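Peer 1: These are the residues of each chain, in order.
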Amino acid sequence: MPAQLPIATTQKSQFLDITPVVQEYISEAKIVDGLAVVFVPHTTAGITINEHADPDVRADILTHLEKIVPEKGTYRHAEGNSPAHIKASLMGSSVTVIISGGRLQLGTWQGIYFCEFDGPRHRNIWIRILAK
Amino acid sequence: MPAQLPIATTQKSQFLDITPVVQEYISEAKIVDGLAVVFVPHTTAGITINEHADPDVRADILTHLEKIVPEKGTYRHAEGNSPAHIKASLMGSSVTVIISGGRLQLGTWQGIYFCEFDGPRHRNIWIRILAK
Amino acid sequence: MPAQLPIATTQKSQFLDITPVVQEYISEAKIVDGLAVVFVPHTTAGITINEHADPDVRADILTHLEKIVPEKGTYRHAEGNSPAHIKASLMGSSVTVIISGGRLQLGTWQGIYFCEFDGPRHRNIWIRILAK
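Protein chains in written order, with this note's numbering: chain G, 14 to 145; chain W, 14 to 145; chain F, 14 to 145.
Worth flagging that the hints you see were computed from the coordinates, not collected in a lab.
Worth double-checking, as some hints may not be accurate.
Heads up, the list lumps identical chains together, so a pair's fine if it works in one copy or across two of them.
No more than 30 Å apart at the CA atoms, straight line, and that leaves these computed lysine-lysine pairs for DSSO-like [to be verified]: (1) Lys25 / Lys85; (2) Lys80 / Lys25; (3) Lys80 / Lys43; (4) Lys43 / Lys145.
Nothing here was measured: the structure is a model prediction, and the numbers come from that model.
Kindly generate the complete structure, drawing on both the sequences and the hints.
Peer 2: What follows is the structure, given as structure tokens:
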């Protein structure tokens, strides 16, 4: 099995900063140079990299995704969470990040965000590291 | 050349479940642990991971992409298939999936979907596996 | 540090073809078979793969992203560039491309595009190659 890290979301829609837990896993794996793939094994949640400084940025992304994919609409899926599935595919199911010197290589303003669209729930992220 | 798997779509817009052909390729490659990258070498088709249980989910994603990127609009590209190009970039050109124990690691409800936006056509998917 | 390639954008919104600089880096690295990850360390720019033949395709994608995420809206982020952040997450922060025979493997019509959404600026792309 891949490494599985449990996380818990607290809102219906939420961008959760998972950068620290991913960095901690990489530090413990003692991989110096390579790639980290962070994979979301869910279909109503996604993952993205965006600004970690001002929380208003995440709020604006979530609000705008809601405008693009409104909760109320003519969806066929009986469970009623089609908007969450659509948003998940718009954000994507994994991110790939370079590891150098034992650390995730992110831009100054970047953080890795788990994108909850059908919470709150107990979720998992899976990580696989490949050494260079 | 990377491994090339031919597929055929049957609709103008269609989500085609390619999970079995990707799994079969990985089983034959006898890679136990690593990463699989599934790449779409086309510009009017994409790839995504989403629910495989209820086909209404794929129908809702396709229908909603059509609302976000309508066929009729003021597009400049003379071939008339700009909406397909736009949808392709919204979904993305590749997915990366963890391999453990010789098997694709997907969540319970996840499948890998080739996203046809300008079919029906004969298409290809390319696969590259890296062992851990 | 990962390999860093500086680029300069010249427009507010622009798709810049970076295929040649990525190919040149791979040629110099003398990696025959593997994967290349091209990563954007910015939060108001993304990266995508789409058609390189007719520039109208890129123009249509940019114009339509502007329709989906208009500059004028009720955004909270005080810097005023929330639309650029939202578009960055819609396109994604990295692409993964197969390398075979020392060359990027792209479809006939595909090019790799740096997606500037808040330019013009001096930017960087980061590249990591893993050999098969």
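Peer 1: All hints are to be evaluated individually against the structure, with a verdict given for each.
Peer 2: Hints, one by one, checked against the model:
Taking CA atoms no more than 30 Å apart as the test, Lys25 paired with Lys85 passes in both settings, with 15 Å inside one copy and 26 Å between copies. Proximity of Lys80 and Lys25 under a CA criterion of 30 Å is satisfied in both settings, with 15 Å inside one chain copy and 24 Å between copies. When the C-alpha separation of Lys80 and Lys43 is checked against a cutoff of 30 Å, the pair qualifies neither within a copy, at 43 Å, nor between copies, at 45 Å. Taking the closest pair of Cα atoms, Lys43 and Lys145 come within 30 Å of each other both inside a single copy (13 Å) and across two copies (14 Å).
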